[in-house]
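Undergrad: Chain by chain, the residues run as shown.
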Amino acid sequence: MNVVEASALGKRYGRTWALRECTLAIPAGRVAALVGPNGAGKTTLLNLAVGLSAPSAGTVTVLGGRRVGSPAALDGIAFVAQDTPLYKNLPVADMLSITRSLNRRFDQPYARARLDELGIPPRRKAGKLSGGQQAQLALTLALARRPRLLVLDEPVAMLDPVARHDFMATVLAAASSDGVSVLLSSHVLAELERVASYLVLLARGQVRLAGEVGDLLSTHGHASLEELAMACLRETQTSEVTR
Amino acid sequence: MTARTVPARPDQDDARLRPVPWRRMAGVTWRQHRIALAGVAVLLGALAVYLWIAGTSLHHAYDAAVACHPASSAACQGLDNTVSGMDNFLSNGYLLQVLPVLIGAFVGAPVLARELETGTFRYAWTQGFGRPRWAVAKLVLLAVVVTAAAGAFGALLTWYYQPFLSDNQFLGLPKTTPFSSGMFDLRGVGFPAWTMAAFAIGVLAGMLIRRVVPAIATTLVVYVGLAFAAAGFLREHYLAPLVTSGLYSNVPSNAWIVSTWWTRDGRVAFGGYPPASVLNQFCPPTSAGKGGGPSEGWGPCLVQHGFTQWTSYQPTSRFWPFQWIEGGWLLALSVLLIAATIWLVHRRAA
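First to last, the protein sequences are chains Z and S. Following the numbering used here, the numbering of the first sequence begins with 89 at its first residue and continues without gaps. Following the numbering used here, the numbering of the second sequence begins with 1304 at its first residue and continues without gaps.
In short, the hints are calculated from the structure, not lab data. One or more hints might be untrue.
[Stated by the list, open to error] Covered stretches of chain Z, going by a simulated chain S footprint (3 or more residues, C-beta under 8 Å):
#, stretch
1, 131 to 144
2, 154 to 167
3, 186 to 198
[What the hints assert, rightly or not] Distance windows between CB atoms, simulated:
#, chain 1, residue 1, chain 2, residue 2, range
4, S, R1514, Z, G219, 34 to 40 Å
5, S, H1540, Z, A145, 46 to 52 Å
6, S, T1359, Z, S218, 54 to 60 Å
7, S, W1632, Z, N126, 49 to 55 Å
8, S, R1514, Z, G267, 39 to 45 Å
9, Z, Y101, S, A1643, 20 to 26 Å
10, Z, S218, S, W1632, 48 to 54 Å
11, Z, D204, S, P1324, 25 to 31 Å
12, Z, A145, S, A1341, 44 to 50 Å
13, S, W1325, Z, S218, 35 to 41 Å
14, S, H1649, Z, S264, 35 to 41 Å
15, S, P1435, Z, K216, 28 to 34 Å
16, Z, Y101, S, P1322, 29 to 35 Å
17, Z, T104, S, G1528, 33 to 39 Å
All C-beta atoms in this analysis are idealised placements derived from N, C-alpha and C, irrespective of residue type, glycine included.
The shape of chain S in the complex, shown without the other chains:
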């Protein structure tokens, strides 16, 4: 008996077989995610209309107040009050900071988690398009769309916040450095970069956890942790801070004060505010007048006793370098997370 088996050869038509075109995934992605994308469009659109209306009147009032002469006149004071009266709930930016993570959690997390939770991955991954290509097309497309939408919204935010960051502090607007956590995340490239990072965290969480609701919750937690770490620890180290001595005199307004400390006889005496023991020794409240701030109370007193105050700060001129540094590492992180997700899709055993 001669046993003949078909030799295991790659078929000739394998090489000629053209893959399904990438562009077909655009329609597929839209059909599957149009509700989530429409949600993003409605949310950002409604906020954009509000920002546009509020921002237009804010800019008008601001321009009028700046153009007013003489500044001390009663009429000009009235215009100033109008501007400071427009300091509404958006002004400090904290509320809008939740937007990137909302988009990331509700668009990103379900992309793979829903397929895995409902079992439809067994449909999607056995179609002719191919599993890794399916993941690449879908994730890249959604990441680009979400980031572009956030970029457009971020441009509007940048415009809206301009008056709050001007040097015209006499207008009574809250004194704000552009590095403050509300302002920095929302302006320039910060907003789209954080949105993209939130999306990338969401898709990876969805792939690892495989269930929609826990994946959304995990995305929120991880994002908040990352945002706090960036604002609290990372951002101040993007570039070495400038250092100056003297009682704030050389620190430009609007600069980001990283830290202050005092030296005496070339040695560091203490950081930040003076401890009670030092004050009692050199400048007890009775001899130091009112106490209060360093400029009027114990500050000049300590200087008289040979102390020097040092301040490290980030000048406002570094706003854009810092924006690009933050945008850069967030982009790198997003690419890494999405690539890891695609690798997991490719490797996952059913």
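In isolation and in its complexed conformation, chain Z is listed as follows:
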């Protein structure tokens, strides 16, 4: 089963194509990293996959051929948007109860235990938490929905190194112990080295590279993900300069 499958997918804002001719199939059971420089189309692709925006061209399906935005797709995908938006004036406990009300499944004991572990008081307003705690709260809300696919848009961009480490540890634990498929975007390659098993490299709205990390490394003869991505991005830039 593919968690995300796109065929000639494109998204245009006005005259500029934020994403064009995007064809890919991300298999289930992976931690898939969506990598690329700022403005490469990462957020656009994720918004299309979670149904926040509609394609201008092509098609995209999720969770084995389901229509984006269908009840089953909404039910099976948990999304943590960039800068982890939360209702800042609501207490943490209210965020939990709202998320519980809005979904068919919500693992309240898991969410409570997780917030306890993190030392996040339920009465504290979400806006009063530190950046790392807000990110962890958003992630906890997403994981308590027991999704089949967890989508994270630049989850660690605003976090300090310790918070980054803790956040990624939670994601990895969910992926390995609960079998949640993960699709996360980042422009910080170093974070992904340890976690990603599948890579999609975007640049200027187009897919430059996609595949299992192990296969890509051996095919292209690079020692690390960072090296591979850098080499590929440089190549893209050079070819566009010479053109």
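Mind docking chain S on chain Z? Use the hints.
TA: Just chain S, lined up with the frame of chain Z:
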């Protein structure tokens, strides 16, 4: 090599997947909007207590004055003065007319504008409840709650204003037609209908503008424009006005005078007040006595010279038909605006 792809089929469990129950949105809406709703409750509640106290003494004084015989006695004059002395700042209703738009702007406008401004729509619209259903549930629920609260308050206003609309004008209360813009909007179905319309304008403005403060400002401007258009141009055309001739003699008191004009020899001579040229020709101030109003000065004089005065008016018996007509088109407008908002939520690309 055989390339096998998973066929894009709608899963069997899709059909069996029951949607998240609608009733769950009640708790969600309450948690998110309780501060705004509590604000409405406090505002209307405080005013209701004041109206209740002021209205009770007004009704007592009014009943006493009406029951007093003989009306010309000094004691009865004293009671009349008591009633007219209670003509306080609420009496003309202008102040209370801002309530619907305040509720609409401060409850309605932020509903979607805040989600879009702070980015939380990316949370709300990706939950299992589903984006269009989320919008339908939230907007319908808030519209019903706000309209019901306004309806209850409107019933209290209707009761409060009763003495001002009675025919007992001898009591010295300001002569008021129930169609005057202060009275008409506040009584009967007018108050809740305008509140619902203000809410609907607010949510659509919030969806289009995507920022709270400009959306509130836009709601105020649009509402004021609509209210002035309704009072100034629309309302008098709900039903064709009745027409009568003669110097006001056939126009019932408390009726809403739409327009007056004069004819002579079957042709329209002029509308409203006579121009100076006409007065100088037929009834110059010296021969027409004091001038003044049409009943004592130039009015009878013009009649003697073959002019006829015509008056078109809306009788007070049309108050309730007019209320339902206004309530009806405001309801239709609100439904249209809320439906447009839901469609925009459904269609909006992030």
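Undergrad: State whether the coverage of the stretch 186 to 198 of chain Z by chain S holds or is violated, taking the criterion as 3 or more residues with Cβ-Cβ distances under 8 Å.
TA: Contact hint for the stretch 186 to 198 of chain Z vs chain S: holds, 7 residues under 8 Å.
Undergrad: Counting residues of the stretch 131 to 144 of chain Z that have a beta-carbon nearer than 8 Å to any beta-carbon of chain S, does the count reach 3?
TA: holds (count 6)
Undergrad: So does S/W1325 sit 35 to 41 Å from Z/S218, Cβ to Cβ?
TA: holds, 36 Å
Undergrad: Just tell me: holds or violated, for the beta carbon distance of S/W1632 and Z/N126 against 49 to 55 Å?
TA: The hinted range 49 to 55 Å holds for S/W1632 and Z/N126, with Cβ atoms some 51 Å apart.
Undergrad: Can you let me know if the beta-carbon spacing of Z/A145 and S/A1341 is within 44 to 50 Å?
TA: holds, 48 Å
Undergrad: Between the beta carbons of Z/Y101 and S/P1322, is the distance compatible with 29 to 35 Å?
TA: holds, 32 Å
Undergrad: Is the hinted range of 46 to 52 Å satisfied by the C-beta distance from S/H1540 to Z/A145?
TA: Holds: the Cβ-Cβ distance is about 50 Å, inside 46 to 52 Å.
Undergrad: Go ahead and decide if the range 33 to 39 Å is satisfied by the Cβ distance of Z/T104 to S/G1528.
TA: Holds: the Cβ-Cβ distance is about 37 Å, inside 33 to 39 Å.
Undergrad: Against the range 35 to 41 Å, how does the distance between the Cβ atoms of S/H1649 and Z/S264 compare: consistent or not?
TA: holds, 38 Å
Undergrad: Has the hinted range 34 to 40 Å been met by the Cβ atoms of S/R1514 and Z/G219?
TA: With Cβ atoms ~24 Å apart, the hint is violated.
Undergrad: Can you tell me if the stretch 154 to 167 of chain Z counts as covered by chain S, using C-beta to C-beta distances under 8 Å and a minimum of three residues?
TA: holds (count 11)
Undergrad: At the C-beta level, are Z/Y101 and S/A1643 separated by a distance inside 20 to 26 Å?
TA: 23 Å Cβ-Cβ, so the 20 to 26 Å window holds.
When each numbered hint is compared with the structure, a violation occurs for hint 4 only.
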